[in-house]
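If you read the sequences in order, they're chains A and B.
The first sequence: position 20 = 22 (this note's numbering), numbered continuously.
The second sequence: position 46 = 856 (this note's numbering), numbered continuously.
Just to be clear, a hint being listed does not mean it is correct.
What the hints assert, rightly or not - Looking from chain B toward chain A, a few residues come up when the C-beta cut is under 10 Å (computed): (1) Leu-819; (2) Val-822; (3) Thr-825; (4) Phe-827; (5) Ile-828; (6) Asn-836; (7) Leu-916; (8) Ala-988; (9) Phe-1021; (10) Ile-1024; (11) Leu-1027; (12) Gln-1032.
Don't read these hints as lab results, they were simulated from the structure.
Predicted model, so just to flag it, every value in this text is computed and none were measured.
Yeah, the Cβ is synthetic: ideal placement off N, Cα and C, and Gly gets one too.
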Amino acid sequence: MKGNIYIYILVMALVTYTIRLLPFTLIRKEIKNIYIKSFLHYVPYVSLAVMTFPEILNVEGNKFPRIAGFIVALILAYRGGSLFKVAFVSCTVVFILELFIIH
Amino acid sequence: MKLLIGGFLYNVMETNFISFKNGVKNGIPIFIGYLAVSFSFGIAAKNIGLSVFQGAFMSASNLTSAGQFASLGLISAASSYFEMAVTQFVINLRYCLMSCALSQKLSESTAFFHRFIMAAGISDEIFGISYSAEGHLNPFYTYGLMTAAVPGWVLGTILGIASGNILPDRIMSSLSIALYSMFIAVIIPPTRKNKILKGIVILSMLLSFIFYYIPVLNNLSQGFKIIILTAVIAGGAAVLFPIKEE
């Protein structure tokens, strides 16, 4: 027998929202402990870096356009390009290179 | 006095409006990336028999890619609600870390109710861009991001389920890199002036790469991998290089 799809969705939403909400509402003061503060300061850099690489290259077929897009994004970001510019240019690079490559 | 208060209110409203506008603008790349990713989610959802409404409802209420993809397997296998809860908890536990970090970006004077609305939007992308805002985070900046991003996530799901396939794979593939480029635009610029951050970012990518290819380690789910590496690397860095008081 199949479960009710709406109950599944509500269970998922409830669990996910609670995970997001609890720390956000429980930690209302600025944390003074230097180690915890530093840890939280480093969290975004580590988590986003881990999510990006090597996932960014995870495509079927030729990986070369993705590698090029990745390098272009790295260079633009390092030179201080805006969020929009980095995203737009790397998308365009991947799109154009994939046009030339026969899958 | 009335004038003074009026002027103050006006300034606050204007600041909020500018923050909101900036958020919408920076949310456009998220919109595009989400459209591409949720489009593939929609196709997968269609394959297990979800209706357009059910898919849109799931995307709007969950706003999480890995969790939603995983749920499809569980739903089609008719797993228990408890299994569903545990799976979502494990996959999405990384939001707990992000939520802790983001809590420190809000000014203590920010009205409490904002936290309930903002919490709904803590996805990898909205978190990353919100965190990179300079100084304290204005909730309206995050609302701007959510205003652009959430419709992209829901719309992509709807299109994926309704159409099967409107967009050619090639466009999808080039659009889906937008999300990763945004992460790069968030984490790379500060590494220029900060050697510790540079080391942390390089080490994180290197270890992530190793976890991806080494047997046994690559059996870990993406969610667990993010939590483990974040705890170890950010924890180690905090002990070795605690940030100095500003």
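Hints and how they fare:
1. For Leu-819 of chain B, the suggested interface contact is broken, since its CB lies about 24 Å from the closest CB of chain A, more than 10 Å.
2. With its C-beta approaching chain A no nearer than about 21 Å, Val-822 of chain B sits outside the 10 Å limit, and its interface hint is violated.
3. With a cut of 10 Å, the hint placing Thr-825 of chain B at the interface with chain A is violated, because the nearest CB-to-CB distance is about 20 Å.
4. Interface restraint check for Phe-827 of chain B: the shortest CB-CB distance to chain A comes to about 20 Å, outside 10 Å, so the restraint is violated.
5. Interface hint at Ile-828 of chain B: violated, since its Cβ lies 16 Å from the closest Cβ of chain A, which is beyond the 10 Å cut-off.
6. Given hint, Asn-836 of chain B at the interface with chain A, holds; its Cβ is 5 Å from that chain's nearest Cβ, closer than 10 Å.
7. At a threshold of 10 Å, the smallest CB-CB gap from Leu-916 of chain B to chain A is about 8 Å, leaving the interface hint in force.
8. For the restraint placing Ala-988 of chain B at the interface with chain A, the shortest Cβ-Cβ distance is roughly 5 Å, inside the 10 Å limit, so the hint holds.
9. Of the supplied interface hints, the one on Phe-1021 of chain B holds, with its beta-carbon coming within about 8 Å of a beta-carbon of chain A, less than 10 Å.
10. Here the hint on Ile-1024 of chain B is broken, as its CB sits about 12 Å from the closest CB of chain A, past 10 Å.
11. Because the smallest distance between the Cβ of Leu-1027 of chain B and any Cβ of chain A comes to about 13 Å, over 10 Å, the interface hint for this residue is violated.
12. Checking Gln-1032 of chain B against chain A: minimum C-beta separation of about 8 Å stays under 10 Å; hint holds.
The structure does not agree with the numbered hints 1, 2, 3, 4, 5, 10 and 11 stated previously, though it agrees with the rest.
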